[in-house]
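Protein chains in written order, with my numbering: chain X, 1 to 502; chain W, 1 to 502.
Do not take every clue at face value.
Identical copies carry no separate label here, and so any pair may be met within one copy or between two of them.
[As the list claims (entries may be wrong)] Simulated pairs of lysine to any residue, SDA-like, Cα-Cα distance not exceeding 25 Å: (1) K46 with E82; (2) K499 with Y218; (3) K438 with G426; (4) K438 with D145; (5) K436 with V120; (6) K499 with V221; (7) K499 with D191; (8) K438 with E121; (9) K438 with L123; (10) K499 with L187; (11) K322 with Q308; (12) K46 with T74; (13) K135 with R461.
Bear in mind the hints are in silico, worked out from the structure with no lab data behind them.
Source: prediction; values computed, not measured.
There are 2 protein chains.
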Amino acid sequence: MNRVSFRPCTLQATLGKRRSISTNTARFALPPTILQILARNEVDEKVTVTGWVKSIRKQKRVAFGVLSDGSSPTGLQAVFHEDLGERVKQITNGTSICVRGSIVKSPGSGQDKELLVDEVEILGECDPETYPIQKKTLTPEYLRDYTHLRPRTGAIAAMVRLRSHLMRELNNYFANQGFTYAHTPILTSGDAEGGGEAFRIAPVSPLPSHEFFTHPAYLTVSHQLHLEALSHSLGRVYTLSPCFRAERGVTRRHLAEFWMFEAEWNVIPTTDPRAQTVALCDFVEGAIKGSVGESGIIHGEDVNALWQHREHDSSSEDDRAKAREAVVLAVTSNAAWPKISYSEAVRELLKSNIDWEFPVRWGSPLQTEHEKWLSETLVGGPLFVTDYPAAIKPFYMRANPAMEGEDETTVGCFDLLVPHAGELVGGSVREERLNKLKESMQSKGMDMDGERYGWYGDLRRFGGGPHVGFGLGFERLLGWVGGINNVRECVPMPRWAGKMDL
Amino acid sequence: MNRVSFRPCTLQATLGKRRSISTNTARFALPPTILQILARNEVDEKVTVTGWVKSIRKQKRVAFGVLSDGSSPTGLQAVFHEDLGERVKQITNGTSICVRGSIVKSPGSGQDKELLVDEVEILGECDPETYPIQKKTLTPEYLRDYTHLRPRTGAIAAMVRLRSHLMRELNNYFANQGFTYAHTPILTSGDAEGGGEAFRIAPVSPLPSHEFFTHPAYLTVSHQLHLEALSHSLGRVYTLSPCFRAERGVTRRHLAEFWMFEAEWNVIPTTDPRAQTVALCDFVEGAIKGSVGESGIIHGEDVNALWQHREHDSSSEDDRAKAREAVVLAVTSNAAWPKISYSEAVRELLKSNIDWEFPVRWGSPLQTEHEKWLSETLVGGPLFVTDYPAAIKPFYMRANPAMEGEDETTVGCFDLLVPHAGELVGGSVREERLNKLKESMQSKGMDMDGERYGWYGDLRRFGGGPHVGFGLGFERLLGWVGGINNVRECVPMPRWAGKMDL
Chain X
1 MNRVSFRPCT LQATLGKRRS ISTNTARFAL PPTILQILAR NEVDEKVTVT GWVKSIRKQK
61 RVAFGVLSDG SSPTGLQAVF HEDLGERVKQ ITNGTSICVR GSIVKSPGSG QDKELLVDEV
121 EILGECDPET YPIQKKTLTP EYLRDYTHLR PRTGAIAAMV RLRSHLMREL NNYFANQGFT
181 YAHTPILTSG DAEGGGEAFR IAPVSPLPSH EFFTHPAYLT VSHQLHLEAL SHSLGRVYTL
241 SPCFRAERGV TRRHLAEFWM FEAEWNVIPT TDPRAQTVAL CDFVEGAIKG SVGESGIIHG
301 EDVNALWQHR EHDSSSEDDR AKAREAVVLA VTSNAAWPKI SYSEAVRELL KSNIDWEFPV
361 RWGSPLQTEH EKWLSETLVG GPLFVTDYPA AIKPFYMRAN PAMEGEDETT VGCFDLLVPH
421 AGELVGGSVR EERLNKLKES MQSKGMDMDG ERYGWYGDLR RFGGGPHVGF GLGFERLLGW
481 VGGINNVREC VPMPRWAGKM DL
Chain W
1 MNRVSFRPCT LQATLGKRRS ISTNTARFAL PPTILQILAR NEVDEKVTVT GWVKSIRKQK
61 RVAFGVLSDG SSPTGLQAVF HEDLGERVKQ ITNGTSICVR GSIVKSPGSG QDKELLVDEV
121 EILGECDPET YPIQKKTLTP EYLRDYTHLR PRTGAIAAMV RLRSHLMREL NNYFANQGFT
181 YAHTPILTSG DAEGGGEAFR IAPVSPLPSH EFFTHPAYLT VSHQLHLEAL SHSLGRVYTL
241 SPCFRAERGV TRRHLAEFWM FEAEWNVIPT TDPRAQTVAL CDFVEGAIKG SVGESGIIHG
301 EDVNALWQHR EHDSSSEDDR AKAREAVVLA VTSNAAWPKI SYSEAVRELL KSNIDWEFPV
361 RWGSPLQTEH EKWLSETLVG GPLFVTDYPA AIKPFYMRAN PAMEGEDETT VGCFDLLVPH
421 AGELVGGSVR EERLNKLKES MQSKGMDMDG ERYGWYGDLR RFGGGPHVGF GLGFERLLGW
481 VGGINNVREC VPMPRWAGKM DL
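Same shape as in the complex, but just chain X (with noise of 0.2 Å):
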């Protein structure tokens, strides 16, 4: 069994000591995996593994087959020889093999060491005739109708593990920084401010009355609200979990079901408000460049394969090696991403001269075609822009204090835009003020004294302080970071309007 050596100081302290056990190791360890068994040293190592054939070339004393257990994109080069008989003759592409064999220094180019087959098993065939993955270049539009068979694919698979890493990735970073990882509801009481967006959960009998939990349950949009309740007494809390839009509009980057990456921590007041928004904005570029840059994921395997599949992706070999690069430095580089306030990225929109599709004004959200310019054209990588007129954003971003330049309340707030993936991160101060929190809600037809809110405001009343918030798109993020054109292949069963497959 791999033992997990790593403990940082202040986990321990909680976990207690970690006595050591002499476990029957061998009693519960898997097979190591082609993965591990290709970053061992040993060779002359016996090993069996199970796995699919991804390719197979057949001479005529010997057969190249590339096995995938599914750990990597990397295959295991297996070599069959003439004694193995018939059974080698069956194996075609996506058949199941188990192969007994010993590891040895490959005397081939493109790999270091490969299998000599001692004996081989055939577990499962795949006839070639009706096998709907072929070898031949597969559409992301003809695999969304094969839900179940394209994780078989090498984009789809290197995005599975993408997702894993970056997960364990996140996790360690917000361990690392004091955070817990806690499981909000999915059903709620919130339908999303009546928007019309929220699924709803159906009565159980025909009787509207009849609801389950006596009252009607939405699954959440955002779990923002039920944060905050944790962080106002674990202090630092997060959650990746899934979220749901009834949205009828499909664009590339809306999914019905998507998961968000959302943490609500408390902060040390400050003199100057304003100082929260940029401190929360650093904490955020911290945290992508730790779990993305640092980590090693964006020089890893699988961000290699994804951007290698270049069917995702209508642009010019040269252009694709461009926006590639342009991520490494984003995640990589010790220079801080620039930001700059609304009323600024305003003003620049206007400078710019471009007719845009929808007219720039003070007080209106930016549009995509905005956003895109600010990060693609302006920036030419991540930008926060800051301090949002309050009319156009949710009531429990914090008002700031007036200032100069800037006709109306703007808030403590941040969104965070990228090339190609556009908003990937927002987030804000939150109000913790009883007085303002109620101005707000009030000036949005929202009652903070009322039964659905009640709870809300409690947390303000009873030893409430200040404290921020982001929600990122993880979706979002696994195409900024991996060059994936659209969020349907950034999780492995997409669904959206009219389309649910399994």
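Fit chain W to the supplied structure of chain X, relying on the hints for placement.
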């Protein structure tokens, strides 16, 4: 910034070389938590901490407060001298404050270090007259009506941290065993075989045909089948994900929304099929012992805090100490957890001469009273019961070869029973043989070639192979490890029939 120094060598290969970049760490790091401060050796260190006052004892010239920031069950003793003036008088339990001062060796007993406060700022008052979370013992029932505030109690906060730690250890364990964490969907086409226990998404217009996805959508009751699709490419996959059951029955072991840890993976074929079930049980035992015992969680502060919360339990102090010792022994002992077949279990139950409420008969499911007796009386610890009759188990379990003493077909499966928490894990060898799967589905009135399960058959049609899997009730594991009596106290914001707050 606390850097993550751990990297299992096998992950390294996929992630690429970790580049060293000297990011401006001060810009990104949050200030240390109380847990981090107490774990360090520094004294006379200047710190700034925000948090909540858990208790305050005011003397004539000095006041002693205990401050919590949610990072650990142990608070930080803060010493307020009289020159801090009026502000200290305002402090009551639950008040949110920011303190600046020096960490010094504590002259008092009960803590090694304390904070000598130089400055104190009140961030949020907490009116002792109206604050619902008073010092007096609060019952779990009372607290369930204050979902947003109950994380402020020691027991709920410890439970949330324990969830986070346990998840982290499980993630480490499974990553080291070569698994990928996969996000399977919450919205599915499956209605749990029409058992009426799946929540259904309401159509978006009054006409039932106006489905958002064109066909009815349900909330998943298990991620297994979807995970199987992924394991047929990625080899070893798992998830920790919400599941839903619209069960009207209300027990201390059931929630409408709960979290399942589910894993599926490929195995090397064996000549004796029953050996797969044995190996599967061994693996599950290793995963629990590794993540709960060997990780140190079982001896950690949060588990200690949870077992000390007597209000969760009506048993005597002595019985509770014994119950805890049994859990510690189970997860730290080298001794293998016993395995008995269903047939042996039935024989033992009959031999017991107990007057069971539900009669014991080969072919009937084991009832809670039977399971309780087997784990608590017969074994006094965790117990695997294996090889149940096929007729009482789901279609996807692998048929065993016929065996003496068993009149009907059994399947290669197990339930892990533990004292107090009951069935903790269930798993099986999955039926990988296409014809056997078809027979099994037909016997349960299902059509493998139909639209509904055609995809599941495809997994066997195209390169299938022997594979196994299990599902672990995450709340039940927490309840067992932390001695928590009711699963409603095992999740931050529980939902059950008639109850969904926030």
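Status of each hint after checking the structure:
1. K46 with E82: For K46 and E82, the Cα distance is within 25 Å only inside one copy (20 Å; across copies 74 Å).
2. K499 with Y218: So K499 and Y218 pass the 25 Å test inside a copy (20 Å) and across (14 Å) alike.
3. K438 with G426: For K438 and G426, the Cα distance is within 25 Å only inside one copy (23 Å; across copies 49 Å).
4. K438 with D145: Between copies only: 24 Å across, 49 Å inside.
5. K436 with V120: Only across copies: K436 and V120 sit 24 Å apart there, 72 Å inside one copy, limit 25 Å.
6. K499 with V221: Both: 19 Å inside a copy, 20 Å across copies.
7. K499 with D191: both (22 Å within a copy, 17 Å between copies)
8. K438 with E121: This pair counts as between: shortest inter-copy Cα distance 23 Å, intra-copy 70 Å.
9. K438 with L123: Cα proximity of K438 and L123: across copies only (18 Å, versus 65 Å in one copy).
10. K499 with L187: both (22 Å within a copy, 11 Å between copies)
11. K322 with Q308: Within one copy only: 13 Å inside a chain, 59 Å across chains, cut-off 25 Å.
12. K46 with T74: Answer is within; shortest intra-copy Cα gap is 20 Å, inter-copy 51 Å.
13. K135 with R461: between (62 Å within a copy, 18 Å between copies)
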